[in-house]
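K.L.:
Dock chains W and D against the given chain C, drawing on the hints supplied.
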Amino acid sequence: MLQGYQSWKFNNQPVIMGRATVVGPFEGQGPLAEDFDIIHGDLMVGQKSWEKAEKSLLEEAQKLAIENTGLTKEQVNFNLGGDLMNQIISSSFAARTLSVPYIGIFGACATSMESLALASLIVDAGFAKYTIASACSHNASAEKQFRYPTEYGSQKPPTAQFTVTGAGAAVVGKGGKGPQIISATIGRVIDMGIKDPFNMGAAMAPAAVDTIEAHFRDLHIEPGYYDLIVTGDLAKVGFTIASEWFKKHNVPIKESQYFDCGMMIYDYEKQEVQAGASGCGCSAVVTYGHLLKRLQKGEFKRILVVATGALLSPLSFQQGESIPCIAHAVALERGEE
Amino acid sequence: MFMDFFWAFVVGGLICVFGQICFDVFKLSPAHTMSLLVVMGAAAGGLGLYEPFIKFAGAGATVPITSFGNSLVQGALSELKLNGFVGVITGIFEVTSAGISSAIIFSFLAAFFFKPKG
Amino acid sequence: MPNNRMKNLTPVQQEYQELAKQEEPKRPLFKNSIRAFLAGGIICLIGQGIQEAFIRWGGFDQKSAGNPTVAVLIIIATILTILGVYDKIAQWAGAGSAVPVTGFANTMASSALEHKSEGMVLGVGARMFELAGPVIVFGTVSAFAVGILHWLFNPTI
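Protein chains in written order, with my numbering: chain C, 1 to 337; chain W, 1 to 118; chain D, 1 to 157.
All clues given are correct.
Sample of chain C residues at the chain W side, in silico, Cβ under 8 Å:
#, residue
1, ASN139
2, ALA140
3, PRO149
Bear in mind the hints are in silico, worked out from the structure with no lab data behind them.
Beta carbons are placed, not taken as given, at the ideal position from N, Cα and C, and that holds for glycine.
Just chain C, with the same shape it has in the complex:
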């Protein structure tokens, strides 16, 4: 049901019945390595190009997620997914392999929660029995498309973020065991005039704050309702700015409850990632691999995952445009095991 202005409350208990995460070597060296289903040692995953590698990561994640649900792919009604590549080819080509009716979406790094929200809506409203929601990204394919060739020697500034090589997929169904999806808030595009593509955190933070405020407003709740509020990939710089921006807007979010996926997936001491992680895969693998594990273990009762995305392209930047951003939120509650 529509809740407030831009949120959905799911009354028919859509549940994440199965999920899977597949990551690359660098993520496998980080602190969350134990929580990922598959870690690849080869960044090209035995493929002929970075783009083909990204597609194969997603194919694996989707196959495994469906297996973990105990279903076959013929039983899944719809496939929702997106990535950072032009024309979202990683998702489209993986969808070719999956052969499930496909809805391709683009939300940049906010795709994980955008797909999960839509998948939950479709199941909750009775328009599907099972849907699969996924998102993926690859460090090398993202660098190649958005920034520089991977072997190019450019010095990254301290605000830069490292795109995660990873794919996360979740199968949503009604009832059943697994984390429950309670509500979702669809974000508006927010642009504070930030133009620096090497400082995405600063560009995305206001979108995260806007969506989170909208969520509390629409559902008539306070931040304290959640044990954990986590943004997708604001990383160090964006996270600090968002915290300050919350204070300026008098949103009582406590330090102890607010975290960011982009700051969790890598080890700042051992891995040179400047401000932290980014990419569609970031919020996808951290949520589906790590956070839901902790949720189901009982460490949290209710969490709010707010994936954040920067909607720029190399062309828009070269034409002098600023960076419009978006954030989508999904609230999850501990369900049966």
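P.N.:
Okay, now just chains W and D, sitting in the frame of chain C:
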């Protein structure tokens, strides 16, 4: 001999520091910075300042990308002297062809035999 | 604070941008400059050494030794790019590895390598000059401008 090496080191280093300032203070991209340096090298060459600079600093002046700008100008000017106005266009790549040709050839060979590592 | 760019922003955007600027970690200019100085200096030192070697054992003179020296540096940079090492050096060295001609070679080799997956013609051939293009274009155009000015004013330089 030692002084040749000393000045090559110091001058080359200082030109790079200028480049670093372009990166960090003026927030220019590498492409913008290199283009700026090439144009500066061409301007200095046009003013007759770069050749004596090379005599003084040796590799400290020939190795940075500024020297590319100077070489383009030297090529243009020497053809200008010989063949007049048309020389300005025909002479530009005369001196620099070694650099550009080797860069193209070796990049091609690199791509033919190898893959990027990420 | 009077700022042309800020004029086109709304008050909220201005307030936000001031906050963002405040929280932006400052670039370590001094540290980066020292590193750039050392890296650039060393590369030029190596260049000087190669040049001396060509003069002494290659039979080149002061003027003509420049060409093979540049070619050797380009080969070295291309090899480092193939090994996947140049970008790691560059994160430390910054402008120290970008400004010397080795940086130019790296732009071409890295672009060529990256687009191998699109084939030798449309990938390698077409995209090789992705990053090096500006240098060549602006160098050529400014050399042309300088040439024209010389032709017009005929200075005895």
